[in-house]
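Okay, here's what each chain looks like letter by letter:
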Amino acid sequence: MKDSVAQPRKHRSVARRKLFNNSFSVICLLVSSLAIVVLATLLIAIFSTGGNWLSFEMLSGSHRENNPEGSGIGQAILGSLVICSICGLVALPIGVGTAIFLEEFKPKGRLLRIFHGLVQLNINNLAGVPSIVYGILGLTAFVYMFGAFSPIRVNDQPDYEIGATYFYQTKTLGGQYVRFPAVPLVQPVIKIKQGQIASKINGDKFKLNVVSASTEKSKYANQVNKTVLLGTEAKLSNRNGNQVYEANTIGGEPFVFPAEATYSQFAKITDPITVSNSNGDTFSLNVLSKSEPIPTDPTILAQSVFADSPDPNKRSSASIFRENSLFHLHLPFSKSVLSAALTLALVILPIVIIASQEAIRGVPQTLREAAFGMGATRWQVVRSAVLPSATPGIMTGAILAMSRAIGEAAPLLAVMGGVLGTTNHLSSLMDKTPVLPVTIFKWAGDENQGFEHLAAAAIIVLLAFLLLMNSLAIFIRYRYEKKLS
Amino acid sequence: MSNTSAGQGELLGDAVSPRGKLRPRSSAASKRWQTVVVTGLVFCALVSVFTTIGIILMLVVESWGFFSDDKIEIWKFLTGTKWTVGQTQGELSYGIWPLLSGTLRITGIAMMLALPMGLVSAIYLSEYASKRTRSLLKPTLEILAGIPTVVLGFFAVKFITPYMLEPLGDFKTFNATSAGIAVGILCIPLVASLAEDALQAVPNRLREGAYGLGANRLEVTLKVVVPAALSGIISAFLLALARAIGETMVVALAAGSTPTLTLDPRMPSQTMTGFIVETFKSESVVPGTLSYFSIYAVAAVLFLSTFGITLVGQIIRMKYREVYD
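Top to bottom, those sequences are chains A and B.
The numbers in numbering that gives the first Met the number 0 rise by one with no breaks, and the one at position 205 of the first sequence is 204.
The numbers in numbering that gives the first Met the number 0 rise by one with no breaks, and the one at position 68 of the second sequence is 67.
In case anyone wonders, no lab produced these hints; they're calculated from the structure.
Nothing false has been slipped in among the hints.
DSS-like cross-link-like pairs, simulated, lysine-lysine; straight-line CA separation at most 30 Å:
hint	chain 1	residue 1	chain 2	residue 2
1	A	LYS107	B	LYS30
2	B	LYS171	B	LYS81
3	B	LYS30	A	LYS105
It should be emphasised that the depicted structure is a prediction, and the values quoted were computed from it without experimental measurement.
Next up, chain A with everything else stripped away, as it sits in the complex:
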């Protein structure tokens, strides 16, 4: 190849060579400027579709089915910001730590060197893994936790949980909601959960499959003695002095599992109990028997319920409710903000690591040598010399990684599902929340054409966030990088 320059195979006239040269540079310029054209078209198209739909109501509202004019992205913005912050808090320390390990603590031992090289290779490969695969990993590792716990269904309480208070709530005859604390009891009858570990009468342990009657029953045809139908109830019984629940599989074989105290879905109200209403007033509930006349005084009426009666019109039983504190946690994490944030942290971790490595590599060697010369240990060198001067670079990389995270839709779709709106406000890490990219995705695919404009408006908001983050990164780079050299 290099020879052909020195001795051209074909002799070409200078004029022709010049023509080729000039026309190639024109082609280059045209092709390169196509990027500008594409970007301009994209921005114009999106602004013309969604620009008019931006309004305060749109920025603060939440999704309404079939009503694009009344829908908004308030919840989605909050959800995106919360998830991205947690994701950054998790990914940044781990990423910077890995980068420091890779750049500043190159080990001398052979085995450790292999580990070191493996980690480096692994990170480059992880950066190329599609984000949807991370989403599936998040679903398996965080949402279901590899099936180590029984999955959480709606209105079901998880096996392991902190930070939640349970109470029963009922409506009085006056139409007022009152509540009283729930106490876990060993229920005489419970519904069997998917994945319950049970043991046969001879003591063999196995995992129960719960199948709905219509579907997938045939799949378990060869496991009839490990399978029950959805909604099957187990009864409390006593075996060798232990309280256990007992039921039969669809194969007809009995099995047992240990009885634990749980909340029942409903509580009967038979005796006057102390309750509190939504204002926080506590009073004793007035329980009317069937035969008693209904009181006419509204104050008394508001504090009265019927005793549990067989007549459905007069029945007032209290049903269970859960109030989550901010630090509410349960295992598995289920489809929640925490699962989503951890998954996103895995997605951006390789980006943070690679950016931090570059920033650390950019620190002049003389700084390290000066610190070593003053007798600092390796970690002291890192902490007092390398990290302070690498911080602007690390911060820039971290912000760019966060801007990748805020636009990611696929992993969140996998981990939280296509949530568009929630009735409750985001109150704990175990809640679900809509996020901007998933909202855009769902709206873009909505049959109602109005949502197309709304999706474009949401894209403008998302792009504004990206612009903000990128400006911040450029500002940091500009402001602090000058001081070093």
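Put chain B on the given structure of chain A with help from the hints.
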């Protein structure tokens, strides 16, 4: 560079040890503290290792759940030409080829767009552009690279299809071409920036030598610089290929949800990633069911192809890199 620093560090560490003897406690304490810190750093590094292990383990275990089902034969999965998993009616077919061919079609279209355009942009940025055009082009490419893929998907389905493709012919609402173009757009900055890095790494001595022999800029570029940077350029191409195969939101929005086995770029074509997203979107995934396990089987094929391509790209870059120092 860092290896020499490690050596020097040890040397200096020995040299200052007498000072340590004067205040043995603080020196010992700082050494102990360093051990604690290094242990912490190793745990940080282990997170990424466990991520990889987790991905592989999960794909193997859960795909096993798919293939161990009585109705599934692995041979039919790898050779079948019909995919109906997740559809409620009709006979169950689970051949991967419609999904795989959808991925290949869209990736092919994207690469036809992104590879030449990305390479030409890289050549222009590295060899031709003046400082002023560079300061305009480079940020444009960076912004384009930072646009979320869901936005490009929206652009593909709401603008590329109705305004660019439908006037040209009988394109379906969801088709492979518009998704391919959008994926190509998002691959251009990737190819451009990686290839430009490779071109810039070619030392100026080579260019000067060629100019000295009377070559003009075109000849220097195409006959000296590009061949010298070829390993870097090919690895850039492979990374873009892996990115296109794994691209999800664009194809989920623009390519439709019908798995097809055709060469017609006007037809809808569900890809592997498209199928996974479609399954998640419907929120009917219940662990233990066949459509749940099928996600993992498809994801395993997806992971193997992208991981393999990324690995080959890295090997090419490391092995065939021309070193001039």
